[in-house]
Amino acid sequence: MSFSFFTLFYKEIVQFFRNRGLLLFAVYAFTLDIYLASTGIDLTLKNAPFYAEDYDLSYSSRELLSRFPLPYFQFKGYLLSDRDVERVLLKDEAVGVIRIPFKFEKNLKRGDKTEIALIVNGAEVSSSYLFSAYATQIIYNFITGNFFRPPIKVVPRVYFNQNCSSKLFMAYSELMTVITLFLLLLPAAAVVLEKERGNIEMLTISPLPNIVFMVAKSVAMGLIVLSFSAFALFFTIERVVSVPFKGSELDFLFLTLLYVFTASGLSMFIASLSENMLQVSQLTILILIPILYLSGNWTPIEAMPKLLQWLSVLSPLKYYIDGALAIAIKGVPLKELTSDIVALTLQGGALFALGNYFMVRRI
Amino acid sequence: MRPVECENLRITYRKGKTVAVDGLSFTVDSGDIYIFIGPDGAGKSSTFKAVCGVLRYDSGRLLTFGVDPNDDRAFEPVKEKISFMPQGLGQNLYKKLSVEENVDFFADLYGVNRKERERRKELLLKTTGLWEFRDRPAGKLSGGMMQKLSLCCILIHKPELLVLDEPTTGVDPVSRREIWRLLYSFNREGQTVLLSTSYMDEAERGTELLLMKSGKSIVSGSYDEVVSTTSPVFVVKAKEIYKVYRELWKITNTPRLKGDIVRVVVPQNKLSDFKALQERLGFSAEPVDPDLEDLFVERVGLRRVELPPLFKPAVSVPEEAVVVDRVVKKFGNFTAVDGVSFRVKRGEIFGLLGPNGAGKTTLIKTILGLYRPTSGRILVAGKPVGRDVKKLIGYTSQKFSLYHDLTVFENLIYWGNVYGISQNTVRSIVFQVAPIFELNRFLNLLVSELPLGIKQRVALLSALLHSPPILFLDEPTSGVDPVERDVFWQVIRELSKEFGVTVLVTTHYMDEAEYCDRVLLMNRGKAVAVGAPRRLKEELRETLGNAYLIYTDSPFETEEFLKERGFKTALFGRKVKVYSKEPVTENLLRELGVPFRALKPSRITMEDVFVFRVLENV
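In order, the protein sequence lines correspond to chains A and B. Heads up, the first sequence stops at 363 in our numbering, and the numbers go up one at a time, no gaps. Heads up, the second sequence stops at 981 in our numbering, and the numbers go up one at a time, no gaps.
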């Protein structure tokens with residue numbers, strides 16, 4: 001008895017494209033969502049409002065304040081008392097306040113010790129952190145430029161992303177998050193729909209082995225996600241967001257293909273445990289969040305507690321992000337990514353086989 | 364003021380694209396038991412919702428207690444006089460609350476005072492037999508009990524008009540009779556009942572009826588006035604009944620083959636042809652009183668279906684096609700199938716009859732290997748169900764299991780493929796069969812856009828693509844109108860009688876037993892009776908005697924009176940059905956002092972068999 005795989009695939013793909021809500025969501029996620037994430041979320045300091053409390057009002061103090069330029073900083077004016085400082089910080093009118101003491105210029109010129117206070121609004125964690133780092137750098141440059149020369153000069157060079165633009169990182173990171181989400185969601189949703197409508201029973205009674213059906217389904221869904229990824233890569237990222245892609249797109253898609261197997265295997269676990277769409281969405285979120293956390297996509301793995309660092313070995317997204325970012329941002333060729341490929345293949349093969357097996361057992 | 368007055372009612376959905384009710388007119392008088400009969404999608408539910416002000420109608424004139432339900436503010440006070448029970452088992456109940464808490468909740472909702480509430484609650488729960496279960500959560504009741512509780516809940520505040528959407532669908536015949544009894548006692552206090560059903564045999568139970576199809580009324584009025592055909596109805600008996608049946612099609616489009624008889628309406632101008640045919644074939648034809656189905660088929664007309672031999676199975680199966688031996692299926696503490704045994708012979712149409720929740724579907728799924736039996740032995744085509752047996756089985760499930768987002772043709776290709784049939788073969792089968800099944804204009808439509816009857820045919824066709832020698836059909840005729848149902852049974856009969864296909868079919872329509880060679884009656888997981896429908900009815904006739912209908916103005920008193928005298932009885936609206944071994948004559952009734960208007964002979968139905976078998980077993 002022979003079954004046509006073409007017919008099996010055709011059905012899944014047609015059903016996906018006829019499901020308007022899901023299709024719309026996919027199109028949104030692979031275009032607008034990536035665009036918004038990469039252009040809207042900026043990890044650099046932009047137009048940070050700040051005040052000065054200048055007790056010196058000398059040439060040097062004004063010169064120093066003029067070194068805080070747009071578009072990073074935005075000078076809002078002078079404050080006259082500590083109470084005003086508290087007021088602007090409390091009302092979130094400023095990220096920080098720079099306080100310059102009496103006799104600032106005089107002490108500097110004399111070579112005496114003097115202090116500049118940076119009062120930062122800790123409620124806005126990342127911008128205040130950046131504010132104090134930038135401000136420290138500016139003050140240091142001002143002093144070394146005008147008053148004395150230190151014996152060491154630090155010369156930074158940025159490779160791969162010369163402007164340190166977060167757009168580049170955000171675009172790829174969001175693409176991979178979206179890919180993960182759809183890989184977890186689509187196959188599980190497709191299977192559970194069959195469960196809900198009772199089609200799965202018909203298939204179980206038919207001579208078509210359940211495993212063939214499940215594999216056809218996850219492969220079809222994987223292909224859909226793969227083509228959407230290709231579209232997002234060539235269109236959304238390269239054209240619309242227009243960030244550079246250093247390596248070979250084919251390498252990137254090959255790695256994505258490996259990842260498809262891993263994630264759709266997980267999706268089958270979700271499907272086997274769920275009876276309806278609500279449960280699928282709940283389980284998807286439950287699995288997606290740890291995968292994202294442990295992948296190093298949001299925080300570097302090195303910054304995590306030891307236990308989580310060990311667990312991060314389990315997140316398939318980790319290997320995918322490692323490899324895919326290396327290809328996209330650094331232009332590393334595939335053959336130098338063997339360890340990621342091996343890890344993804346092993347994990348993918350195991351999860352895909354287990355997920356489908358588990359699914360078939362549970363019917 | 365009349366409870367409902369309606370003229371030229373029109374209700375549409377999807378901005379006028381779907382017409383649910385199309386120019387319907389009817390009037391419900393105070394004290395009526397008004398029955399709407401029609402298949403799914405006829406527009407019964409829409410009409411009821413409009414009457415209760417739940418759904419806006421498009422045009423026409425509709426007054427409920429003299430107020431237009433579309434006028435929300437004016438209608439608000441009227442709502443207190445109405446109780447509406449939506450379609451589905453126990454839809455208005457809170458499944459986690461106990462029986463008593465549910466009733467209390469509804470009483471509080473309508474502001475019934477405490478004393479009155481306790482009095483009515485006890486009365487209602489005791490008449491429905493729910494009193495001893497009053498602490499049980501509603502979700503753990505059987506379908507019939509749930510439906511009775513729903514009724515108690517909406518009766519607690521004494522509404523003037525009761526609107527019930529299919530309260531008896533899928534309910535077991537014993538509970539069904541109890542529900543009707545409750546409605547009659549409610550009606551006896553002067554309240555009005557408006558009720559819908561898809562069972563043709565419930566038509567007789569009301570005072571007025573309206574037969575609906577595709578949003579329009581076919582006939583309306585009281586049963587005895589309405590149910591008459593312009594042409595005479597015959598019951599035909601013959602040795603070679605199938606041959607006679609075929610010939611009859613040449614004269615009229617109304618013959619229905621039921622077991623070993625044919626029921627036919629012969630048009631006046633064809634009576635001579637009928638006589639000639641009778642002489643040529645030598646069958647007996649007995650004129651009978653028309654019933655609602657006769658009326659329906661005379662108005663709408665049936666369609667003859669003849670299958671091409673391509674569905675003849677290539678493989679033959681053993682003489683005992685399906686063997687079920689002491690099968691038990693438990694889910695936790697709940698026993699869904701409790702020691703059922705039967706054998707289906709090759710080429711037989713075997714019916715599993717029973718209400719919702721009787722265990723029919725569980726049993727069929729256990730036979731097919733979807734559930735592992737807790738104990739017992741099952742053989743299909745002589746073997747336990749495995750891959751090679753699966754090829755021999757065709758199956759349609761209750762929900763028809765078609766993909767709603769694929770077209771009819773895509774579905775057929777897909778299901779063909781699942782059975783290893785190539786696209787080209789499916790194409791050629793569809794090409795030959797589509798005109799016979801009247802599917803041509805539906806082939807490229809999405810299944811979600813199809814009417815129920817067409818869905819059923821597509822599902823059947825998809826199960827037949829691989830010409831299986833054994834067919835399992837789970838509730839294939841639910842909610843389908845009599846014409847569609849007849850087409851379906853013609854196909855099944857042809858498959859069984861001409862091609863030797865074995866068919867196992869489940870249904871909750873007791874009257875469909877007529878189409879089966881043998882039936883198994885199921886109730887609460889147990890087999891109640893098994894045998895040929897005619898024999899089962901004959902057996903009951905031997906123990907109970909013949910059935911008669913007594914027309915009376917005081918049915919309750921009449922029934923009580925007869926019961927006291929040792930007769931077995933059942934209530935049918937303003938009629939009492941009585942079973943007696945001694946012939947019941949008008950003289951006998953007069954002697955006994957029973958008040959009556961008329962007396963007619965009636966017949967023993969499959970429902971009677973079910974009710975009496977269940978009650979005897981209890």
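Any given hint could turn out to be false.
Listed below are the simulated DSS-like cross-link pairs for lysine-lysine, each with C-alpha atoms no more than 25 Å apart in a straight line [said to hold, decoys possible]:
(1) B:Lys860 to B:Lys753
(2) B:Lys693 to A:Lys195
(3) B:Lys613 to B:Lys579
(4) B:Lys860 to B:Lys606
(5) A:Lys195 to B:Lys818
(6) B:Lys621 to B:Lys708
(7) B:Lys860 to B:Lys900
(8) B:Lys900 to A:Lys195
(9) B:Lys602 to B:Lys638
(10) B:Lys693 to B:Lys746
(11) B:Lys754 to A:Lys195
(12) B:Lys900 to B:Lys963
(13) A:Lys195 to B:Lys753
(14) B:Lys889 to B:Lys860
(15) B:Lys940 to B:Lys900
(16) A:Lys195 to B:Lys606
(17) B:Lys579 to B:Lys600
(18) B:Lys944 to B:Lys963
Label pairs and their calculated CB-CB ranges [said to hold, decoys possible]:
(19) B:Ala677 to A:Tyr357: 33 to 39 Å
(20) A:Glu124 to B:Tyr473: 53 to 59 Å
(21) A:Glu124 to B:Asp421: 54 to 60 Å
No lab work stands behind these hints, which were simulated from the structure alone. As the structure is a computational prediction, the values presented were derived from the model and not from experiment. Note that the Cβ used here is the ideal one computed from N, Cα and C, for glycine as well.
Now for the hints, and whether the structure bears them out:
| no. | hint | result |
| --- | --- | --- |
| 1 | B:Lys860 to B:Lys753 | holds (23 Å) |
| 2 | B:Lys693 to A:Lys195 | holds (21 Å) |
| 3 | B:Lys613 to B:Lys579 | violated (29 Å) |
| 4 | B:Lys860 to B:Lys606 | holds (12 Å) |
| 5 | A:Lys195 to B:Lys818 | holds (19 Å) |
| 6 | B:Lys621 to B:Lys708 | holds (20 Å) |
| 7 | B:Lys860 to B:Lys900 | holds (23 Å) |
| 8 | B:Lys900 to A:Lys195 | violated (40 Å) |
| 9 | B:Lys602 to B:Lys638 | holds (17 Å) |
| 10 | B:Lys693 to B:Lys746 | holds (23 Å) |
| 11 | B:Lys754 to A:Lys195 | holds (22 Å) |
| 12 | B:Lys900 to B:Lys963 | holds (19 Å) |
| 13 | A:Lys195 to B:Lys753 | holds (20 Å) |
| 14 | B:Lys889 to B:Lys860 | violated (29 Å) |
| 15 | B:Lys940 to B:Lys900 | holds (16 Å) |
| 16 | A:Lys195 to B:Lys606 | violated (45 Å) |
| 17 | B:Lys579 to B:Lys600 | violated (35 Å) |
| 18 | B:Lys944 to B:Lys963 | holds (15 Å) |
| 19 | B:Ala677 to A:Tyr357: 33 to 39 Å | holds (34 Å) |
| 20 | A:Glu124 to B:Tyr473: 53 to 59 Å | holds (57 Å) |
| 21 | A:Glu124 to B:Asp421: 54 to 60 Å | holds (57 Å) |
The structure is inconsistent with the numbered hints 3, 8, 14, 16 and 17, although it conforms to all the rest.
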